[in-house]
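One line per chain: the protein sequences are C and A, in this order.
The first sequence maps to residues 1 to 265 in the working numbering.
The second sequence maps to residues 1001 to 1311 in the working numbering.
There could be a bad hint or two in this list.
Said to hold, decoys possible - To give a feel for the contact side, a few chain A residues facing chain C, derived at Cβ under 7 Å:
| id | residue |
| --- | --- |
| 1 | Asn-1044 |
| 2 | Ala-1048 |
| 3 | Gln-1050 |
| 4 | Asn-1085 |
| 5 | Tyr-1089 |
| 6 | His-1108 |
| 7 | Gly-1213 |
Claimed, not checked - Straight-line distance between alpha carbons at most 20 Å, and here's what the computed EDC-like set of lysine to aspartate or glutamate pairs gives:
| id | chain 1 | residue 1 | chain 2 | residue 2 |
| --- | --- | --- | --- | --- |
| 8 | A | Lys-1018 | C | Asp-242 |
| 9 | A | Lys-1200 | A | Glu-1182 |
| 10 | C | Lys-22 | C | Glu-215 |
| 11 | A | Lys-1091 | C | Asp-242 |
| 12 | C | Lys-132 | A | Asp-1040 |
| 13 | C | Lys-132 | A | Glu-1182 |
The hints are simulated quantities; they were obtained by calculation from the structure and are not laboratory data.
Please read all numbers here as calculations on a predicted model, not as lab measurements.
Even for Gly, the Cβ is constructed at its ideal location relative to N, Cα and C.
Here is how the chains run, residue by residue.
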Amino acid sequence: MTSETFARSIRSSALEMVHRTKSSHIGSCLSAADIVAVLYNDVMRLDPLNPKWEQRDRFIISKGHAAAIIYAALAERGFFSKDWLKEYSFNGSPLAGHVTHCKVPGIEASSGSLGHGLSLGCGMALAARQAKADWRVYVLLSDGECDEGSVWEAALFAPFHNITNLTAVIDYNKLQGFGRTAEVLDLEPFGDKWRAFGWDVVEVDGHDHAALKLELNKRSSKPRLIIAHTVKGKGVSFMEDDLAWHYKSPNAEQLASALAELKVP
Amino acid sequence: MRTAFIDALIKAAHADDKIWLLTGDLGYSVLEPFRAAFPDRYINAGVAEQNMIGVAAGLALSGAQVFVYSICNFVTLRCLEQIRNDLCYHKANVKVVGVGSGLSYGVHGYTHHAVEDIAVTRALPNMTVLCPGDPVEARWAAEVATCHNGPAYIRIGKAGEPALHAQPLDGVALGKAVRLREGDDATLFAVGNMLESTLKAAALLEAQGFGVGVVSMPCVKPLDEAFVAAEAARVPLVATVEEHVQCGGFGEAIAGVMARSSGARARLLSFAVGDAIVSGLVGDQNHLRNLLGLSPQHIADGVTQALGAKR
């Protein structure tokens, strides 16, 4: 399967999931879908049949509200049955609305409160280095998340401790909870800030699979930070760059229209 | 207490290469021996407690056992959500070690007074809360914490407290009460560094003819509920003594056990820190204890009054 096909599939799964359960955050899911697809399809070393495999790469989804797209990716890779997705956020389902590890194979860490994941990733990367293991740690953050001071504590920590087996990706769609990042608490000059903290920073189109694949596979003598420029709601024209889809879920008609745009039969 | 704890931790780290120590830029004259012995398992994480807890969680989720060290408030309240989500949600094998329990930091002021930490940490699911009362209990806390797989908060005092137990607490399991004195008129339950004052209060009461038992509760969570219920059924008065606010603290934990116990007959008296702690009081630990009604004499007077009223 190509990562493009993978991305189309998880986008459609996430749309169906949030439609069924009338839940929020579809815009965040679609924004991150290509990053997640490339990681899970092309980049990370994983064994879906042995989710606790010692040599696996670790992935921390720090923007835990994008749960649906992660669960969809795990199901796509066979960590669990796609039937689970049909009960996402239902009473008694293993799949909570913010990423939970408790009953979900393939989830390394629960999240949902922003600003936790990068520190977790630093700890895991240190553990790999101590064990002389070659698995890597990937952390996906949101842009609004970078308002949290704890992100910058971790940003200071990783380069100082020469944590080079860590790649962080920021899903920079420029919309956060209640407005545009530039208008709520501007992050710019964003890349310069990370560079000044000691990260190896690169900026890419977060929907360009070839570019993502190239950058996610690169190694460096510093911790890597990929600022992925994305569009919230990417792939569904009426959801793109619209804050409303941080909260709304598509009705039946909107779902059909969205799936048609994604060309999923 | 600090030194006894670190000595025990170093001993454990020699035996287990999975043990790490992270500090929030504190531990001068205390942590140097660990740093010297295990430089690759020691990190000064800087004055950044939220990140320190997250890093500890990441290490623990990858197989390490991590001790994190700072002043009580900084390592609990400042990073409470990291403790809740990264440690307790994941049952991460991280031991949060706070120094300067209660009013240990006396003249340093309210920012450094750790008087809400028991309430906050004992509320957390999967959390174990250890409050050693002397260097012997501190050593015991390090040992049982190392054997316990899961998050714990270990609230220790400062340097120089006297040893109150004659023997090491070998064989005392996590969650067990430790009796230091027998007595049938009342049982005083002490937590953490109030143990010494409580023993002194019991001696004052003995001089007045009261036979008062003293029990140390180095483990606040899980609490030895069976022991508490049995004492509450056996004696007419139970008193709790803590260098911590009443709300949600050790005394209220004991009150809950007694309220739920069908056989309890004892009246409950609680000695705790009042809201006056935040009224600008300045003084060392003993001075503050005197002002806040936590001296041995205050405890003895309170117990005498309660027992007298009963007679």
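> Honestly, which of those hints from before does the structure not fit?
Replying inline: Hints 1, 6, 7, 8, 10, 11 and 13 contradicted; others consistent.
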